[in-house]
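Since the structure of chain D is already known, use the hints to place chain E on it.
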Amino acid sequence: MNNRIDVKKTYKLFINGAFPRTESGRTYEVKSAKGVFIANPCLASRKDLKDAVVAARAAQPGWNKATAYNKGQILYRLAEMLEGRRAQFVDEIITVTGVTKAKAEQEVSESIDRLVWYAGWSDKISSLSGALNPVAGPYYNFTIPESMGVIAAIAPETPSLLGLIDTVAPIIVSGNTLVVLASTKAPLSAMSFAEVIATSDVPAGVINILTGKKDEIAPWMASHMDIDGLDITGLTTKNHAEIRISGAENLKRIFSFKSHDPGRILAFMEAKTVWHPIGL
Amino acid sequence: MNFYGLVDGTDASLKHYLRELSGVDQVGADARAAMLATRSIKTTSKRWAIDTAISMVDLTTLEGADTVGKVQALCTKAVRPDPTDSSVPSVGAVCVYNDMVATARKHLDLVGGQHVGVAAVSTAFPSGRASMPVKIRDTQDALDAGASEIDMVIDRGAFLSGNYIDVFNEIVAIKALCGERAHLKVIFETGELVTYDNVRKASFLAMAAGADFIKTSTGKVVPAATAPVVLVMLEAVRDFYSMTQRRIGVKPAGGIRNTKDAIKQLVLVNETAGPEWLTPSLFRIGASALLNDLLMQRMKMDDGYYASPAYVTID
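Protein chains in written order, with full-length UniProt numbering: chain D, 1 to 280; chain E, 1 to 315.
Keep in mind the hints are simulated off the structure, nothing from the lab. Warning: the hint list may mix true and false statements.
Label pairs and their calculated CB-CB ranges [claimed, not checked]:
| # | chain 1 | residue 1 | chain 2 | residue 2 | range |
| --- | --- | --- | --- | --- | --- |
| 1 | D | R21 | E | D99 | 47 to 55 angstroms |
| 2 | E | S40 | D | E216 | 19 to 27 angstroms |
| 3 | D | A66 | E | P309 | 44 to 52 angstroms |
| 4 | D | K185 | E | K220 | 25 to 33 angstroms |
| 5 | E | P223 | D | R253 | 53 to 61 angstroms |
| 6 | E | A34 | D | T233 | 42 to 50 angstroms |
| 7 | E | K220 | D | S32 | 54 to 62 angstroms |
Under the rule of at most 30 angstroms between Cα atoms (straight-line distance), these lysine-lysine pairs were calculated in the DSSO-like manner [claimed, not checked]:
| # | chain 1 | residue 1 | chain 2 | residue 2 |
| --- | --- | --- | --- | --- |
| 8 | D | K34 | D | K50 |
| 9 | D | K238 | E | K300 |
| 10 | D | K103 | D | K214 |
| 11 | D | K214 | E | K260 |
| 12 | E | K42 | D | K50 |
| 13 | D | K213 | D | K34 |
| 14 | E | K106 | D | K50 |
| 15 | E | K70 | D | K65 |
| 16 | D | K47 | E | K260 |
| 17 | D | K103 | D | K9 |
| 18 | E | K300 | D | K213 |
If you're wondering where the values come from, they're calculated on a predicted model, not measured in any experiment. No residue lacks a Cβ here, since even glycine has one placed at the ideal position from N, Cα and C.
Next up, chain D with everything else stripped away, as it sits in the complex (with noise of 0.2 angstroms):
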């Protein structure tokens, strides 16, 4: 058995349920702790966000019209998906990050459970931030929180999979969709769990992941008319400005968050006022 040839992984990105290469042609080298090459992931361009997009658009009403209860599952089955490879997840962080195998343990575990905790708000969310108000004529007044759309998010360089669970699950579990732009230097837990999408009843189109480098990408998703907020958690402070700009231009929602919380999901959703006659 010594003599098999290397069976190694080929890292692409995520797009409308794919896993297509970049069009640019172009990857970068990722390091580990100890400098060692380990892969050759995609340098995605512009245009792989564009193509990102509009899968995403085209996704949006699908996922929002699911009912609260059947994203939640999806949601959970996505905590599934990533308990039963558990060992390959642990194997990737160390490798790249060089921490011990107890903290990678953690930094999974802690992964899994977050989405499972992200689940459970799909259905109470807008319980906790929807109202009755209360105005003088007869009729009900109903505020009710609604997904935005289209999200971009700068997922945190670390840590890498939990940094992503925090990004991705607050996004996605009130009927947005999004693009997400993995951490730069350890990109290969955000691949790998693409797999995991990929297997867990999310439609095409709903996560699309892209790795690559943050000053390339950012600009683009904060000049881009059809992204309607932008998640910057991942960015480093000295390029937030321009962003903040570039995103104010078209009336973009540009956060960033420093904890996990259900203000997160609040955070890319809009609030609808409805008025229903309650008769004589």
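For chain E alone, kept in the frame of chain D given last:
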């Protein structure tokens, strides 16, 4: 009629004319179309191609659910595709069912679109399954309503069973009706013709019978305007020009949904028939969704960022 001296109107002469045609190398046509699709058109060339493609669009609505309001909205869009930018050219024509021709003509004139034609789909579109008197009446109706272009379908059943003379005579009869009043486009429905040889044969048959344009498809059958089929038709008009010194137009329709596809078509035209065909009077693209994508690509080139479908009209 002398049909360019190619046939004399008899079954025998038509069969002889079609038999003399060279066959199409299917593998070669596929490969050449695929090769031409890899051409990269950027910056100023792309900008020119987008505007040229817009001016070649036959903006089409052929739905059972078409309403007067929808046709009027389409006509307004045809004249001024981007209301915020007057440098965007008008499209070539609007393409509607017969009963909407008068509505379309009237509304185009109302909104300053005298230069935009109205194309009517006639002869029992899309199947072509009606008797000859009905087809003639159908066409006459469209002409009377003010159609400047007639898109007729051929009888694919007759063509596939070898009754070429029936197909030929139908085109001749409709052409006689159109006379100088309207351009005649002949639709083959290439998705039903099965082979490229048949596409080439149908092209030469229609051109000899008097077609001003040859058109791939109705848009109701898949596959429609695939690149190799358009290549075969462009080669046919090129060869026909060298035989008769007359330039026949080509109109791919169906399945051309984005700017990339449209530019690929223009590359095919330029490299096959020649740059003389890169004009709306000799090349049209039958489409509906395409126009929005062309406008969005144009916005992207002007503004420097990606556009949103929310900023173009819903068709």
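Numbers of the earlier hints that this structure fails to satisfy, in rising order: Numbers 3, 4, 5, 8 and 14, in rising order.
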